[in-house]
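For the protein sequence lines, the chains are A and B, in the order given.
For the record, in the first sequence the residue sitting at position 705 is 705 according to the working numbering, with numbers rising by one throughout.
For the record, in the second sequence the residue sitting at position 349 is 349 according to the working numbering, with numbers rising by one throughout.
Check before you lean on any hint, since a few could be wrong.
Unchecked claim - Straight line, CA to CA, 27 Å or less: simulated BS3-like cross-link-like pairs of lysine-lysine:
no., chain 1, residue 1, chain 2, residue 2
1, A, Lys286, A, Lys102
2, B, Lys31, A, Lys548
3, B, Lys430, A, Lys545
4, A, Lys102, B, Lys366
5, B, Lys366, A, Lys545
6, B, Lys366, B, Lys440
7, B, Lys430, A, Lys436
8, B, Lys430, A, Lys548
9, A, Lys422, A, Lys286
10, B, Lys31, A, Lys102
11, B, Lys430, B, Lys440
What the hints contain is simulated information worked out from the structure, not anything from laboratory work.
As a plain string of letters, each chain reads:
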Amino acid sequence: MEQALGAVALPLVAAFLMPVLYRWLRWRLGLAALAVAAATFILVILTPNMSLVIPWVSQLGIDLSIHVDGWSRLFALLIAGIGTLVVLYSIPYLGSREDLGKFYAYLLIFMGAMLGVVYAGNVMLLYVFWELTSISSFLLIGFWNTRDDAQYGALKAILITFGGGLAMLGGLAILGTVGGTFELSGLLANRTELLAQPLTTVALVLLLIGAFTKSAQFPFHIWLPDAMAAPTPVSAYLHSATMVKAGLFLIGRLWPIFHVHPLWVPVVATVGMVTMVVGSFLAIQKTDLKAVLALSTVSQLGLIMWLFGLATPEAAQAGTFHLLNHSTFKALLFMVVGIVDHQTGTREIPLLSGLRRAMPVSAALAMVGAASMAGVPLLNGFLSKEMFLTAVNNSSMGLAGAVVATGASLFTTLYCLMLGHKIWFGEPGETPDEPKEGSRTILVPPLILAVIIVAVGVFPALAESAVVGPAVAAVLQAPAELPHIALWHGFTPALLMTALALGGGLLAYTALPGVLAACRRVTPQRYHLNALYDFLWWKNQAVEKAAKWITNRQMTGYLRDYLVYTLGATALLFFGTMLVKGVRIPALNLSPVGPWEFLLAAIIAVGAVFTARARTRLAAIASISLVGMPLSVLFGLLRAPDLALTQVVVESVTVVLFLLVFPHLRQITLYPRRRSTNVNVLVALAVGALGTVVTLLANGARLFPPQVAEWFLRNSMELGGGNNVVNVILVDFRGFDTMGEITVLTVAGLAVYMLIRLRKQQAGGGKS
Amino acid sequence: MPVDLNFTIAAPLLALAAGALLILLLDLLFKYETIQGPMYVAAIGAVLVAGWYLVPLWQGAADPSGFAGMLVMDRFAAVYGGVLLIAALLAILLSIGRAREDQSGYLALLLWAAMGMVLLGGAGNLMVIFLGIELLSLALYVMIAFAPRRMAAREAAFKYFILGSVAAAFLIFGFALIYGATGTMSIAGIAEAARSFTSEGAWAVGLYYKVGVGLAIVGLAFKMALVPFHIWAPDVYQGAPTPVTAYMSIGTKAAAFAAMARLLVAAVPEAYQPSFLLPLSILAFASMMLGASAGIWQSDLKRLMAYSGIANAGYLIMAIPGLGLDGLSAAAYYLGAYGFATMGIFAVVRILEADGVDGSQIANLKGLFYRQPWVGVCLALLFFGLAGIPPAGGFVGKFLLAIAAVRGQAWIVLAGLILSTGISAYVYLKVIGTAFTRTKEAPQPEEGAEPHAPTRTAAQVVLVIAAVGTLVMGVLPGPVSELVRVALAGM
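Construct the entire structure; sequences and hints are all you get.
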């Protein structure tokens with residue numbers, strides 16, 4: 001258990017030391033990073049299968065739980081092994097000019113985070129590390145952050161993977177709540193109950209979105225080609241061998257729970273298939289070597305996704321084996337392309353040819369990698385491709401699947417020939433730098449990978465028993481009769497398909513310009529996913545513009561608009577709810593309305609309109625009295641003389657106050673009539689209607705007995721010694737309140753007096 | 001009528017009020033130059049003493065109810081009171097180094113606002129809710145305008161005052177209707193009455209009772225800045241002095257949410273829940289989406305934080321659908337995490353202001369990481385907290401809210417959480433990107449502005465506290481969430 005914890009912790013801790021160590025070690029920092037990576041690799045090898053739970057947030061069911069099985073071991077070996085090779089490769093590749101402290105810090109953070117993903121036994125822990133890999137990928141893509149393409153690629157990658165990660169978080173939250181635990185083992189144990197819940201389908205879809213974005217599946221694949229702005233070691237490591245496989249890792253973890261789900265085969269297999277076809281079809285059209293490799297990665301990831309989507313044990317076996325092989329040959333190809341780029345100064349295929357004379361070792365290595373990817377016998381790619389074709393052929397997709405698979409493999413052969421033949425043979429072309437073979441140190445890592453490719457290709461049983469077998473067992477979680485991986489399966493349909501793909505690819509290669517022209521003609525040039533992305537976020541910034549539009553519509557800065565907005569929203573909510581719920585005003589129990597009431601109401605309405613439209617201050621004051629005075633008459637009509645009297649007093653005081661204050665204010669300014677004035681009228685009417693409707697709703701409903709009033713009526717004489725209940729309440733029962741009110745009024749009056757005096761003093765002092 | 005005085009539970013409030021009076025007295029008795037420091041000490045002391053008195057309430061030692069049920073300082077109130085007092089403490093620290101003006105009035109108002117906020121958490125009666133709202137609002141109206149020579153501050157204060165009055169009118173109208181329907185102002189009484197409507201089928205009463213609760217929600221939603229009652233937030237956040245913005249962004253939201261939670265738990269019986277909570281969920285969804293997407297196009301950090309606050313008001317509403325322990329403890333946790341992140345970001349603004357730079361311009365953050373590496377790193381961590389990216393506390397908070405929403409079957413708000421978090425992550429990453437972009441030109445101080453060392457030191461202290469708080473809540477969520485949960489379980 002120490003090994004597993006150490007393998008995750010060592011790179012993470014070492015990462016924080018890198019910027020510090022850089023001050024002393026300078027270019028030798030790479031060696032320190034290499035030591036860390038190698039030590040991690042040893043720890044990974046020493047890690048046995050195990051489960052361990054360290055309590056963390058137990059009440060939420062989130063623990064630091066580690067679960068190592070064959071599936072995680074396969075990934076851990078790739079992460080630490082290829083990681084070590086990539087660090088070794090990066091030492092001569094980057095040289096000493098770059099900010100190495102930053103580079104190795106990010107790279108080691110990634111290594112630790114990725115090991116965390118594959119060792120996590122708790123899905124929330126997995127998520128935390130998952131996001132950490134996205135962030136470190138973002139930082140590494142943007143490593144050359146002064147370059148536009150690096151910024152573009154980094155932003156695109158983080159937007160898509162982080163968005164997918166959020167979907168996944170939603171899925172995990174649902175899964176954990178439905179399944180009652182966030183532990184992988186617990187979810188696995190509850191799988192039958194889980195599948196019976198309708199919510200599980202939602203969770204599955206969200207989780208798949210997470211996996212598809214991370215593994216660059218169609219239609220989320222568009223971020224991977226732009227991630228190639230990262231330094232080549234990063235591309236080799238994150239964007240082909242490990243990080244993009246995190247989605248597949250998750251798929252493998254979900255497989256035992258969900259592969260019987262009715263959505264699994266249609267969604268996962270179809271997405272994988274489409275991705276494989278789209279990726280390989282686009283790959284052949286690219287002229288940048290790294291772009292070809294990126295799209296070929298998309299295509300190969302689609303292939304593996306397709307295999308896991310088929311939901312049969314033999315397909316899972318094929319997928320697992322191909323996953324391992326793809327990491328080896330694709331990392332090798334990236335490294336060689338990096339060397340070519342490094343030594344010739346370009347990655348453009350049309351500029352490169354005949355390099356084998358100047359770079360014989362690189363040429364040989366590239367040929368091994370490309371041949372393995374194409375599926376040439378005696379190399380590991382041949383074996384897993386064969387298994388892939390067999391699995392597709394035997395699956396429910398049958399002949400149609402087999403035809404699509406062969407077709408996509410044909411394209412694969414075509415771009416493998418470009419990578420393994422076109423740039424190396426023919427007449428040497430003009431390149432920015434004079435081509436020469438890379439240094440010995442830079443050739444060592446790809447050489448090791450080439451040896452692995454051949455070794456696995458010739459002795460597949462070794463890889464099967466050591467890595468692939470346990471991994472497949474962990475995915476299946478059930479015993480299954482699986483065929484052994486062997487060099488020769490006899491004359492099977494798969495062999496025929498391989499031969500067709502290789503032969504067809506060769507044939508197409510001889511007529512390459514024509515084929516490419518034909519392909520380009522059918523590829524949409526204007527309406528594709530990248531254009532949509534650029535429209536939204538980059539070139540047209542449609543999202544930014546939409547945000548600006550939304551903001552400016554409401555944020556006018558005018559208080560009157562804000563009031564309209566707030567009041568209008570309230571009225572809208574109120575009447576909207578009434579309409580939706582079908583609420584009606586209950587039968588009313590009102591006294592009849594006489595002509596006097598109508599007359600008074602009409603005067604009040606006219607007064608209100610005049611106040612709003614008054615052009616002088618005096619007119620405004622006069623017309624507001626037209627609202628208040630009839631109101632007091634109304635109170636009187638309704639037999640509430642005390643209320644009427646109060647209203648008259650308040651009204652008079654208000655008018656006096658207005659008269660006192662208005663001379664100090666500005667004249668009423670008349671603004672040109674705006675279109676929004678009509679809206680204002682509407683909102684004003686709506687608010688009035690709201691008040692009326694609420695009053696009508698409340699009409700006549702008084703269910704509780706008026707206890708307070710009764711109590712005062714009964715006790716007024718006995719306790720307060722007076723028959724005028726209101727007076728008794730004011731001076732006796734609530735005497736303290738009255739005193740408090742008087743105090744408050746006094747303090748307020750004092751404050752107003754002070755303000756007036758201050759103002760006078762300031763005016764006297766010449767200030768305004 | 002018997003007098004029911006319970007000073008044990010009123011002690012935190014009284015401590016704050018006494019601190020405010022002490023500060024005013026100090027200002028009267030001593031000279032400005034000598035007394036400035038002690039006034040801050042008194043303010044901090046008042047908050048600490050109030051916190052000290054909260055501890056027994058947190059432990060549930062005393063009888064939480066007093067003043068004839070008007071004040072219910074139970075564990076719920078203690079949890080929210082704790083969050084509010086931390087916010088007040090950090091706001092006082094951020095205020096150090098304000099230009100020479102009415103310091104005593106400012107600090108007293110800040111303490112009174114804190115008193116109003118804590119009171120809201122412990123309100124046992126509709127009138128007390130109104131009292132708390134008015135106490136904190138009136139104090140804030142004045143505090144927002146507390147910036148000499150800045151018209152924007154006065155404009156902000158005036159806008160907030162007018163719109164706030166409208167909201168208060170809705171609130172009191174709603175209360176009146178609730179009273180009319182139930183015949184009581186006490187929240188416990190309302191809870192009892194509300195549960196009797198369903199059984200009797202008193203349709204007419206139930207109807208205008210619902211309208212009353214709806215209008216009361218409008219009033220509180222305004223204080224929380226929930227769409228469509230958010231309209232004041234950007235202008236006010238931008239216009240107010242930075243410490244005030246920081247304070248109100250957390251304090252008002254937390255206090256109004258506490259009151260809303262208390263009111264809804266009591267006023268909405270299970271049978272009514274769908275009809276009430278659907279509109280609220282829609283408002284929450286709209287808040288999240290608008291808050292996140294309007295932030296995309298902001299060049300002003302304070303306005304950006306206003307939109308972030310709008311989105312976060314929506315997240316808090318996620319706690320409502322279940323109206324259970326999960327949701328309320330998740331909301332308390334989230335408020336803590338959000339509070340630390342927000343306070344820290346405003347502390348960064350304040351650090352820039354200490355050098356005379358307009359810290360609210362995002363453009364002025366450019367290259368911050370290379371000039372002040374630790375400030376840059378903290379800023380990134382705090383924005384991670386807002387975006388909900390591990391290892392910051394916001395991640396755990398959002399996760400807890402998501403769980404509560406799943407349990408409450410609130411799919412609208414869950415979808416809103418996922419979508420808006422994605423959008424706002426883009427917004428925050430852009431700001432972080434600005435801080436980490438290398439530039440040769442340092443931002444120019446504004447004319448007439450002098451660097452001020454004490455301001456910087458105080459702001460740095462706040463930044464460190466906020467960053468540590470964010471990190472602890474993200475990495476060791478266990479102890480904190482356990483505390484909150486245990487505390488609320490006794491509710």
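Hint check results:
1. Lys286/A / Lys102/A: 31 Å, violated
2. Lys31/B / Lys548/A: 50 Å, violated
3. Lys430/B / Lys545/A: With Cα atoms ~16 Å apart, Lys430/B and Lys545/A stay inside 27 Å; holds.
4. Lys102/A / Lys366/B: The given pair, whose Cα atoms are some 19 Å apart, holds under the 27 Å limit.
5. Lys366/B / Lys545/A: 23 Å, holds
6. Lys366/B / Lys440/B: 10 Å, holds
7. Lys430/B / Lys436/A: The hint is violated at about 42 Å.
8. Lys430/B / Lys548/A: Holds, at about 16 Å.
9. Lys422/A / Lys286/A: 13 Å, holds
10. Lys31/B / Lys102/A: Violated, at roughly 54 Å.
11. Lys430/B / Lys440/B: 19 Å, holds
In terms of the numbered hints stated before, the structure departs from hints 1, 2, 7 and 10, listed from lowest to highest.
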